[in-house]
Amino acid sequence: MTLGRQALVRVAITAAVLAGVGAVLTLSGYPWDFRPTVQYRTLYVQGVAVTLGAAAVAFSVGLVLGTVVALARLSRILVVRHCGDLYVEVVRGTPFLVQIMIAYFGVAPLLGIDDKFWTGSVALGGFAAAYIGEVFRAGIESIERGQFEAARALGLNRARTLRHVVLPQAVKRMIPPLTGELIALTKESSLLSLIGTQELMFAASQISAKTAKSFEPHLVVAAVYLTITIPLSVLARRLERRLGRSARPLEHL
Amino acid sequence: MTARISLRGVSKRYGDVVALEGIDLDVAKGEVVVCIGPSGSGKSTLLRCVNGLEEADEGTVELEGERVEVLRPDIDRLRAEVGMVFQHFHLFPHLTALENVALAPRLVRGKPRAEAERHAVALLERVGVADKRDVHPEMLSGGQKQRVAIARALAMEPIAMLFDEPTSALDPEMVGEVLGVMRQLAGEGMTMLVASHEMGFAREVAHRVLFLDHGRIVEAGTPAQIFDSPREERTRTFLSKVL
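Listed in order, the protein sequences are those of chains W and V. All residue numbers for the first sequence refer to the numbering used here, where the first residue is 1 and numbers rise by one. All residue numbers for the second sequence refer to the numbering used here, where the first residue is 1 and numbers rise by one.
By construction, these hints were calculated from the structure, which means they are not laboratory data. A quick note: this is a predicted structure, and the numbers were derived from the prediction, not measured. What you were told as hints is all true, and nothing was included just to trick you.
Just the calculated beta-carbon pair ranges, DEER-fashion: (1) V70/V - L71/W: 19 to 25 Å; (2) R145/W - E173/V: 26 to 32 Å; (3) S229/V - V80/W: 56 to 62 Å; (4) T227/W - G15/V: 54 to 60 Å; (5) G30/V - H82/W: 47 to 53 Å; (6) A138/W - E115/V: 37 to 43 Å; (7) E115/V - E141/W: 32 to 38 Å; (8) C83/W - T60/V: 33 to 39 Å.
Some chain W residues judged to face chain V by a derived CB distance under 8 Å, without partners named: (9) G146; (10) Q147; (11) E149; (12) A150; (13) R152; (14) A153; (15) L154; (16) G155; (17) L156; (18) N157; (19) R160; (20) H164; (21) V165; (22) P168; (23) Q169.
Covered, in the sense of this in silico footprint (three residues per stretch, anywhere, with C-beta under 8 Å from a C-beta of chain W), are these stretches of chain V: (24) 72-84; (25) 89-95; (26) 101-109.
Cβ atoms here follow ideal geometry from the backbone N, Cα and C, with glycine treated the same way.
Sequences and hints are given; from them, build the entire structure.
See below:
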């Protein structure tokens, strides 16, 4: 089955379930009113753009910072290793909601940054980096010890061993969990609405506030999130199957 | 004359387990030394100390008079001087046979790709797997993998070769082709330190045989001495089990 068709089937099933729930609610007399949604549709359109933008920025920051975290945790230097461990512990041990408040009310003013989108996206990237760093570390550590030894025995230093022997093998094992992280941070970006970033969730909150109708706008937002995340998760599953089947490196796929 | 490989009082422990205890060994240029002994007797550890994959707790290891220490900044240069062949091959699965052989000369010696690959082809021919040059390791038999691994080690033009049970993971019918390559290498004057259970090979090719047990060299001598008239009881017991 093609990627598009598989995603489509999934979306169709989801839509059918939602329609079923809607039908039950309608029968029990819920007064549906989607007019505000239609009226404020531009808020959703802008919201999707900002959500996708924030996810892209956060993922990029997460990949770069995650590399640093992974290298720190794999370092031979004890202090560096501990710093990496600490970062992961702190970030994973506190809710992202708390982190974003600290970033917005504490870190950003200290640095003289007054931009909700960038503050939120970079904070989300820092959050994602702890998880992405773990994906990198686990990927590298999943490579058999003999590969390191064979490379070192040939005289390759640590950097070259990583670059030419370990990473080409590890990257394909990292791709499925990385797609998972991308999905997670796309959803997590909804918390950016709480500092006033005008993304998808913010649109729903605004419409709720303006119209005193809260159910419908959030239903619409849920549907929009799903149209972003379902194709990604189908892609992740496909990649997993495809990479699992082949021992070849990525460029041969 | 300095020995190619020289170990003095080398000891190594893993927790309470003694892997090596007071090993003294000199391997001269062109000499073939085969270590025999039961599993866990320290043969592998001994080899791994020679190229600094393991660090001895006590004692010194020297390559042509240079100390092998894991933490010395140019340990990679020293490692590049010694080829190592592993029991489980450890070929790089993402590279073809040719790329496996040409990688280290390119990266470590800075050889241009074309030159590294020309040399790699010659080496693959020498070990009899030139027709597999563009094949990934997963498509090779065990014997072919090990021969590619030998070519990969030879590509660095090492001053000595370490063989860590090179035939122990092979199907019996493939042992001969790998031993054949090793015999050929020995004949060409390669300095070799081999850990092996192949008594026939040891008898035929080794200049010297070491019998290791519990991390110590129990007995050393020519193949004839060790196999035909071992002095030590432990050596006799071991040989009676394997021969």
